[in-house]
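S.K.: Residue numbers (our numbering), protein chains in the order written: chain A, 43 to 421; chain B, 1146 to 1493; chain C, 28 to 358.
Please note that the accuracy of each hint is not assured.
Derived Cβ-Cβ restraints for the label pairs, each shown as a range [claimed, not checked]:
id, chain 1, residue 1, chain 2, residue 2, range
1, C, 109, A, 361, 26 to 34 Å
2, A, 77, C, 279, 50 to 58 Å
3, C, 279, A, 305, 55 to 63 Å
4, C, 247, A, 325, 30 to 38 Å
5, A, 325, C, 145, 52 to 60 Å
6, B, 1309, A, 324, 40 to 48 Å
7, C, 48, A, 236, 21 to 29 Å
8, A, 66, B, 1236, 46 to 54 Å
9, C, 109, A, 365, 18 to 26 Å
10, C, 93, A, 302, 38 to 46 Å
11, A, 302, C, 212, 45 to 53 Å
12, A, 311, B, 1165, 28 to 36 Å
13, B, 1164, C, 279, 52 to 60 Å
Derived SDA-like pairs (lysine to any residue); straight-line CA-CA distance at most 25 Å [claimed, not checked]:
id, chain 1, residue 1, chain 2, residue 2
14, A, 74, B, 1239
15, B, 1160, B, 1239
16, C, 251, B, 1208
17, A, 303, C, 194
18, C, 30, A, 74
19, A, 172, B, 1208
20, A, 76, A, 340
Honestly, the hints are just simulated from the structure, not real lab data. Please read these numbers as outputs of a predicted model, since none were measured by experiment. The C-beta atom is built at its ideal place from N, Cα and C for all residues, glycine as well.
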Amino acid sequence: MEINSMPQSAVVNLKTEPAYEILSQRQLIWRKFKRHRVALLSFYALIALYAIVLLAEFFAPHGAFERHSSHLLSPPTTIRFVDAEGVFHLRPFIYRMDNELNRQTFQREYVEDTSEKFFLKFFVEGEPYKLLGFIDSNIHLIGVDEPGIFLPFGTDALGRDILSRLLLGSRTSLFVGLLGLAIGFVLGLFFGGISGYYGGSIDLFVQRLTEFLQSLPTLPLWMALAALVPAEWTPIQVYFGISSVLAIIGWTSLARVIRGKLISLREEDYVMAAHLSGVSERAIITRHLLPGFTSYLIVYLTLAVPQMILGETALSYLGLGIRAPAVSLGTLLQDAQNVQTVTLSPWLLIPGGMVILIVVAFNFLGDGLRDAADPYRHS
Amino acid sequence: MTTQPTPMLQIEDLKVHLPLEEGVLKALDGVTLTLNHGQTLGLVGESGCGKSMTAQSIMRIAPRFAQMQGRINFHRASGQTLDLASLDPQGDTIRSIRGGEISMIFQEPMTSFSPLYTIGNQIIEAIRLHRTKDPKESTAIAEDMLARVGIPDASATLNKYPQQLSGGMRQRAMIAMALSCRPALLIADEPTTALDVTVQAQVLKLMRGVQAEFGMSILYITHDLGVIARMVSEVAVMYLGRIVEQSTVDDLFYAPRHPYTQALLKSIPRMGKKAKHRLESIQGSVPVPINTPTGCGFVSRCPVAIHGLCDRVNPPLVPVDNGHSVRCFLYPEVVAAAQQEGAVQHVS
Amino acid sequence: MGKYILKRLLYVLIVLGLVSLVVFYIINLPPGSWVENYANELEATGSPADRSELDFLTTRYGLDQPLHVQYFRWIVPLLTSGDFGYSFEWRQPVWSLIADRLLLTIIVSLISLVFVYAVAIPIALYSATHQYSAGDYFFSFIGIIGLATPNFLLALLFMIIMLRVFGVSPGGLFSPEYLTAPWSPARVWDLLIHLPVPVIVVGTSGTASVIRILRSQLLDEFQKQYVITARAKGLSERWLILKYPFRMALNPIISNIGTLLPGIISGSTIVAIVLGLPMTGPLLLRSIIAQDTYVAAGILMMLSVVTVIGVMLSDILLAWLDPRIRFEKSN
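Construct the entire structure; sequences and hints are all you get.
M.R.: In structure tokens form, the structure reads like this:
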């Protein structure tokens, strides 16, 4: 015999105590999520990143395919405030780098020419491009006047600016992740849905299928599938092809999550209660089941994106994924394949740092969402 | 049962605070309680009032981050008196007492045993820690204990896994485990709450039987006043981390003093009472004891609260009758004691 | 228990049958074949093509036949006499080409698996029992980075560090003098001293994920009633944690081999390519690009066999360790 307590709304407050608030599920989730500061930071960082890569051509100081033939494998330009004479300038500037042949080692070395300062400027004219594919422009966010050349992350062996390529490559990788996710999501929702909804032999079949796909070594299978993408396809087609390859194996865990959640939700008392009070099947699905697992779906989707991105990078790195002239984080890292070159030009590894940052941000975001999706659970 | 005058456990002004993100949760806010040798003391209150925290504090198995103040004096059979509150919760001293001199039965018979080991393994483990290292002897003790708590085919049960037993059988096994080291004090934390009514009656009977047989003291924790009436001689009522009333069980049922106890008793359904009366319930719900203001904890739900007093000053627990203490300003003795302490200057 | 093992074995056989179909189909899906490409190449250069050899291969493997006939011409000798077919590119039987590499792949994967558990279990125990301590945060941070770093990047970083700091290239699994030597204790020792770099690289992400899972499992288990009961018995904290929550958390960890092993096999494939190790990875990549059908199919098939059998063994281990599953299966 548990002592009865009245619903919270009936609390009579004499004074001093804070009033009880009644929050919706969404408010509770957002509250809990905001408390996870790293997740919140990752969330904003990812939004910013997606915005930047969408406008990559504007944020990039150069064109991604523009070759600076006098600056092959140039190290990153140092941004300075104090000049060679020791005078401080409030406005950052750079020196032009020129390469010289070192007569002892017979290697090209870059030396700063301190005779002329090039101040960093906003909205500089440069290589023309089409913003978002249709706005003609030649304005780049940051740059310097000619003949200065601003290469914040250095250049590759063909003299192309790594920052500009990094932004463009991140765009490919970030959106391949999303595209693969979208395809995998449709597959996962379909298979997980019919499996959890119909049960019986369909469920058994789908379960065996997912188990089967999950027990195979992913990467070798991806490699074999990626080889199916015909060589004569256009970059856009390859893009879809690789996303599909990633999705073909990636949907399984999503399907399992959806199935499991659907089955456990169907057995919840409140669903049973809805059935008993004569609520239609359709209303039960849309009003009771879907809200119950959209939060879980979002969590799993968030955690699946980095897997897709890692898969794309690995395939492209092996030469089986995105192909030149298209740029992705994986193809950029292909330039770093030669250990000798990387040892001498470590800035070629910057795209690798970008991969780690993106994946870490998605993982943090997913973790934060997972904690928040269950606002009543105290960790 | 007559109470013996020698105290076994004296809890004095025990405070347990849990620092949480939302603020400090005062799980226990000055609990004072005495338990005599051979006595069965009932501790009763709503969920979340601090009953279980009191038990866990005596055993020193409260969450590690809990901050503890006050004294828990335990008078051992050897004549030594130990302040359990001052011990290292992982130290050898408390571990020799835990499960040996003081043992505990928990609410959840379904989850109290690990599903990965046999019942025998988990009972014998306790016996070998506190009574004998001899494998044969400890198995014999475990088997004997299982038989005594009424488990049929005790030797076969030793080799069974918990999930092969029913809830009632598991709780019997739990009691056997708790008694296997012949504790001086048994803490029973809602041992029958999770059981169905017939099994509950059997287990209560069993507990009375074992107490008669072993003669230990029992601290019986429950929210069920019906069980209290059947099990204990003396009862303490808890509300929001404090004892609000303590008396003999008859006195409490026939002459409850604290408004909370009165309301609690009114909320019990009674047989024979005319059905047209609505069952009363206590207004409001238990506040969460986070950053609570000073004053009586019950003030927000109390129908007879005195404005300007009850919400400002926390009344002391004072005897108002022979062996009947209460923590409420409705009684002049309590006001007088508060004035003596200097907590209340003048009351009109 | 015997019935359970038998059921699992049967299931594995069905799965492997399906794998062989899928693998063969995928490998043969790209248009053209090695033989055609080769013939075209020869004709283009104008040199006389040795048609007789190509014709022999075409009839032997039924390359001019429909795909299902080709499949049976491949799978039947494989099952009856362990004949994996012929490598067009290397002009030798596939099995002789992949046997050594497969053995090394299995060795590296198994040792990586052991490494993952050997490193992850103590760290997870420490982190869970010292939640929110500096050490816990440190390991969490390392874990997050470890999970986010692609295997090939880690391999690359190791190579650069080895080259920069020690001036040696860490490539290879053997010293030159043992490269082609027959197996001997000295060769095994040589292999062992070459293993740390690949094992660490392959094992890092697995280690990070096991730490994560085990730590949160342990923290969950610490709250359970049976742990409190055990503590109330007066057990020492160390023994208590090992016997109750840790033992309990071990089960999901063992069943996690099912996802860990495919990951490790994947990891070892790409790491072998980056580090140039004599394992199946580089050969698989090469054969996929060159459409050397039977090599690619053979490697994919064998990697799947290793994974599927590994997963089956972990399932049986789990059933043997967990009385709950054992009873469920026997009833």
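S.K.: Now tell me, hint by hint, if it's right for this structure.
M.R.: Consistency of the hints with the structure:
no., hint, verdict
1, C:109 / A:361: 26 to 34 Å, "holds (32 Å)"
2, A:77 / C:279: 50 to 58 Å, "violated (27 Å)"
3, C:279 / A:305: 55 to 63 Å, "violated (19 Å)"
4, C:247 / A:325: 30 to 38 Å, "holds (35 Å)"
5, A:325 / C:145: 52 to 60 Å, "holds (53 Å)"
6, B:1309 / A:324: 40 to 48 Å, "holds (43 Å)"
7, C:48 / A:236: 21 to 29 Å, "holds (23 Å)"
8, A:66 / B:1236: 46 to 54 Å, "holds (48 Å)"
9, C:109 / A:365: 18 to 26 Å, "violated (37 Å)"
10, C:93 / A:302: 38 to 46 Å, "holds (41 Å)"
11, A:302 / C:212: 45 to 53 Å, "holds (50 Å)"
12, A:311 / B:1165: 28 to 36 Å, "holds (29 Å)"
13, B:1164 / C:279: 52 to 60 Å, "violated (31 Å)"
14, A:74 / B:1239, "violated (38 Å)"
15, B:1160 / B:1239, "holds (19 Å)"
16, C:251 / B:1208, "holds (12 Å)"
17, A:303 / C:194, "violated (54 Å)"
18, C:30 / A:74, "violated (48 Å)"
19, A:172 / B:1208, "violated (62 Å)"
20, A:76 / A:340, "holds (16 Å)"
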